[in-house]
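Chains W, E, X and V, in that order, give the protein sequences.
Under my numbering, the final residue of the first sequence carries the number 583; numbering is consecutive throughout.
Under my numbering, the final residue of the second sequence carries the number 583; numbering is consecutive throughout.
Under my numbering, the final residue of the third sequence carries the number 583; numbering is consecutive throughout.
Under my numbering, the final residue of the fourth sequence carries the number 583; numbering is consecutive throughout.
To be clear, the hints were calculated from the coordinates, so they are not data collected in a lab.
Mixed in with the good hints, there may be bad ones.
Straight line, CA to CA, 25 Å or less: simulated DSS-like cross-link-like pairs of lysine-lysine [stated by the list, open to error]:
#, chain 1, residue 1, chain 2, residue 2
1, V, 483, X, 483
2, E, 303, E, 281
3, E, 303, W, 483
4, X, 439, X, 483
5, W, 452, W, 439
6, X, 303, X, 238
The model shown is predicted, which means the values in this text are computed figures rather than measured ones.
Protein chains: 4
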Amino acid sequence: MDKIPVAILGATGAVGQRFVQLLAEHPWFEISAITGSERTAGGRYKDVCRWILDEEAPEIVSEMVVSKTGTSLPGRIVFSALPSRIAQQVEPSMAEAGYIVCSNASAFRQEPDVPLIIPEVNSDHLALLERQRVNRGWSGLLVTSPNCTTTGLVMPLKPLDDAFGVAQVFVTTLQAVSGAGYPGVPYLDIVGNILPNIPGEAEKIQQESRLLLGQMKAGQRISAEIELSVQTNRVPVIDGHTVNMAIKFERPASPEEAARVMADFRASSPVPGLPSAPAESILVRSEMDRPQPRRDRAASDGMAVTVGSIRPCPILDLRMISVVHNTLRGAASGSILNAELLVAEGYV
Amino acid sequence: MDKIPVAILGATGAVGQRFVQLLAEHPWFEISAITGSERTAGGRYKDVCRWILDEEAPEIVSEMVVSKTGTSLPGRIVFSALPSRIAQQVEPSMAEAGYIVCSNASAFRQEPDVPLIIPEVNSDHLALLERQRVNRGWSGLLVTSPNCTTTGLVMPLKPLDDAFGVAQVFVTTLQAVSGAGYPGVPYLDIVGNILPNIPGEAEKIQQESRLLLGQMKAGQRISAEIELSVQTNRVPVIDGHTVNMAIKFERPASPEEAARVMADFRASSPVPGLPSAPAESILVRSEMDRPQPRRDRAASDGMAVTVGSIRPCPILDLRMISVVHNTLRGAASGSILNAELLVAEGYV
Amino acid sequence: MDKIPVAILGATGAVGQRFVQLLAEHPWFEISAITGSERTAGGRYKDVCRWILDEEAPEIVSEMVVSKTGTSLPGRIVFSALPSRIAQQVEPSMAEAGYIVCSNASAFRQEPDVPLIIPEVNSDHLALLERQRVNRGWSGLLVTSPNCTTTGLVMPLKPLDDAFGVAQVFVTTLQAVSGAGYPGVPYLDIVGNILPNIPGEAEKIQQESRLLLGQMKAGQRISAEIELSVQTNRVPVIDGHTVNMAIKFERPASPEEAARVMADFRASSPVPGLPSAPAESILVRSEMDRPQPRRDRAASDGMAVTVGSIRPCPILDLRMISVVHNTLRGAASGSILNAELLVAEGYV
Amino acid sequence: MDKIPVAILGATGAVGQRFVQLLAEHPWFEISAITGSERTAGGRYKDVCRWILDEEAPEIVSEMVVSKTGTSLPGRIVFSALPSRIAQQVEPSMAEAGYIVCSNASAFRQEPDVPLIIPEVNSDHLALLERQRVNRGWSGLLVTSPNCTTTGLVMPLKPLDDAFGVAQVFVTTLQAVSGAGYPGVPYLDIVGNILPNIPGEAEKIQQESRLLLGQMKAGQRISAEIELSVQTNRVPVIDGHTVNMAIKFERPASPEEAARVMADFRASSPVPGLPSAPAESILVRSEMDRPQPRRDRAASDGMAVTVGSIRPCPILDLRMISVVHNTLRGAASGSILNAELLVAEGYV
């Protein structure tokens, strides 16, 4: 089959580079355009992009000329790695112009007619697109993927919520530096140090978690009634967010039952057949010193969330730790999986 | 006045070096002996000790010959930086032989007739020494100081407990590498990484916190009835433990009230006059990005605990973060302050 | 064709784990035995090996039982990741017993009848094996691969020596922590720090470089007459040794000529066809801020040496910098490439 | 005696903060004004300055209002921590207006009538001020301090040059991140990595070293005829530049003689009596693994340069390593020592 042409908005930034890296060899998609700011537009990607990933930039994009974000672009699907402020303007106009917009930006995640999707968790929320079409009158559409930390929290919560009902969650995050983009955090601030309270992060985690675990009723998304108490921290780790959590269930669950429910979790069709979907979305490890961000983030090409240290909590019911690759599953790969889902569901 | 001769047991290890550094210029104490293992005993300190602190070893001990631990030593007070297994044997025999033993080891912290002391928190627990004398028949005595992380947790809890009653505490620790001693954690394991579940640490924090916040009744120490849920983590930080906590009180307390109670906390006499006591034991910071281990650990020569990020908790009552210097207040300096208290209270 | 059975000596150590990782999916070789110390022998690999690499251990070896080093082993080729002291005993007896021993240990690198080989540099030195057979009476044979840093130095020197004659080399190394094995360097020593003078390293670099660049004459290896001045340093980098060098040539060479000679370098047959050989053994980069260990070490699966910062030297002729992956090209992969060469040359 | 009022230009930047920290308790000087950019001028220091040092900002300046750089300022001496581009404009006009300008900027270091001074090395170069007065017609004066790395190189070279004549020096630097100011180097670029070729740095080191070691002849400064070959590198270290060097002398010198000459070096009067002068400007260490930036940078309050690893060089005469605290001796403290020298010599 012919590959679907895709554009990457904000292709020179940290998340944009991940999109470039992942889409250069994608079985379904083919990069047709890459966009940048006023400063970079018009130059060749290899000349204007300060490439920061450890592996080299794919040759296929090196010679491509960067377009200005917002101009008319070749491509059917558009991946947005734009800063939120710019996404606010650009994404609706792209959707209006008929593009399938898969956004990693936070600008529209809270909108009641914009699906916020993790395919294994809530692919049924795509039904909101009908309302979106009616409300907005767009010929294209807009789907968003959640905040990186939220992803590492919600993916293991999903099967637990289905099985036991999640009522309360204490969250303490240890977030990697790449989550702040590039140049991001100065070495002088973070080396040998911990920085508490990443601005705006706790709110995103609370709101998005409730949306993702919410139910569709009569074409509307009803937020889950889960209480979340969140403390965020930046830690000296390159990639890989760690989430320490304690959970109160509505129905009793032992650590062994919780572990089994997560290990047995499988996404419903068509997710398991998507090119970027991992064989198992949640990996449960039993070693006392796991998960670790550096050693677990890359599991299943960075698409699986690794969970461990599952044990009883003296106050709530359960404590456990998850690790998610924040720029793969938690960002670019997550959006690509959303696009694959849209293709499989016939939206493209 | 003449200085009191003191011996340091285990003087070549990581905590032992801190004792050496701090006692070399102490206004009340003077190092009369330093001890080591079979391997180091008999050599000059500067030859047998692999000094790991950033500042140079004090000249006054460089030429001292290391004694074998457990032999008869000059000195009235003995500071123990022994591994727990060795402390188990050595500390009682030293106390029996008449020494005032101030231990940083965990071996006897749980014993009902051994005071576990943070002077600002529970100096009244020294009353257990009477029972110790009767029970054990020692002519000397044994006092212990708590685990480093426990110290960073209990010091801010103390005034909150006095004012509002602490019922439940969620604890997630981010602990520095120096807490594991030397050589301790390999670079290959911890750089750019987080290691969960420091062995034995959560149990110590739970048990010791209840002892420290316990009440003396009829010569006995009654543990505090506080529920603690603890998750420990090792992080790539040299010195300075960070404690993320959420607290449920018995009586309502706003973040502002909690902040005020901690900021106003002053130890009772004679603690404020002791040479190692900080002017304020708890420093409350209002900046959103504080406390940080690298920038707050050294406050008041590493003797103050810094608290910040105080705000309402959606599930319990309050969330906040504390930072403690784990090898100063949380280890060597803590034991030295205990010894100063014993002098001031007439035990020496 | 049937795969050749190979054994890995010292399979639980840092370099041994790299052998396991690389040989688990090798097109020519198949792991038939893994050996360990008294402590680990008899246990399953996954139980007795503290796996330290970021990617998981291959399943194929997880259940294998670790043999005791030195016992009779299934397998034709033997890869040795033994500590030098043990290699001293074990390697000759294995070669005597008929095994093809490809060693990464330093024990026999200096022996006049033991080839020290980098296939692209001096595959003709295999001719020493004839002398080895005569001298030692072994039915097997022993071939060694050089020190990790030496590899990063000699690979770019080779084409320069061929073209212009290398007379003098100033070397300042910045070596990664994994070069010291596991547990290796404590975090407390190396984080935010530089440790000069890695014991024994400068001597190895000097001696091995002269051997590798030496000529075969009448069945003997004549060391190259190159003057080397070497300063080694340990730096806080996980993998990837950086070599800063300044070179004096016998015949004049501009930076451009030197760059061209290195970029054009191709190994002679049969090396380019070996499974582990990179398409280009030396990658020349022109960006001012390259090479960097974290971003260049993995080039061509860690088999290419990356060179850059090539410019005139005000005192000698040329300055430049190389980066080599110390545990791949500089250790396990280097030995495997040697074994592939032995197969291609008919020694197996 | 009354303290001399001093102003700090660029007081909110990384070096400016060091000036603030050091001058807050200086025995001779007292901060009378602090200046900043358009953005910060008019605000209180504690409100507009993002303080990045580990110790807290001194209270004495917290409430001070930041002035705009270039306005008329109270104060007799002016310390300049300005970016070079701004220093280019501001410093001459300050000197013209009668201020004693002690600059840490690079803008005027190469001018033939502007002394570039390390008091222990070339205090006699202050004689250039006479020419400066004649040439420029300033009622004040301008004195500069060298680049941080140059300082760590030249201080140990000075006594060697005096004793044996330095003809050639190979230099490979390992420079700390704080040398790039704040925010400076992103964590994502430098952690676990080495970045070669700090822009402009090698040239500064070459030119300034020749000036500093130059001789005054007939009121003119004659550059030293030393050949320098310099390779710079940025390394993941917070503070403390390491300089690896190899030296060729005009007259033979053994490592022992070189060590003795450096250890015996004492500055000439009036330098030893200045408040910021260390008792010994060069500390020679004999341990094989010293100097180390983290453990040696703070020697003598960061004012001594530590030298070690002194041994024969197979190509030139000697190899050795020095460590200098780049933001203290190599920046703010160096300028303050210059100002003290000016006071002692009667220029103020």
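Comparing the hints with the structure gives:
Distance check on the hinted pair: residue 483/V and residue 483/X sit about 16 Å apart at the alpha-carbon level, within 25 Å; holds. Of the supplied pair hints, the one linking residue 303/E and residue 281/E holds, its CA atoms being roughly 16 Å apart against a limit of 25 Å. Distance restraint check for residue 303/E and residue 483/W: the Cα-Cα separation of roughly 53 Å exceeds the 25 Å cut-off, and the hinted pair is therefore not satisfied. Between residue 439/X and residue 483/X the alpha-carbon distance is near 21 Å, which keeps this suggested pair within the 25 Å criterion.
A C-alpha spacing of about 23 Å is found between residue 452/W and residue 439/W, which places the hinted pair at or below 25 Å, so the restraint holds. Of the pairs offered as hints, the one joining residue 303/X and residue 238/X holds, with about 24 Å between alpha carbons and a cut-off of 25 Å not exceeded.
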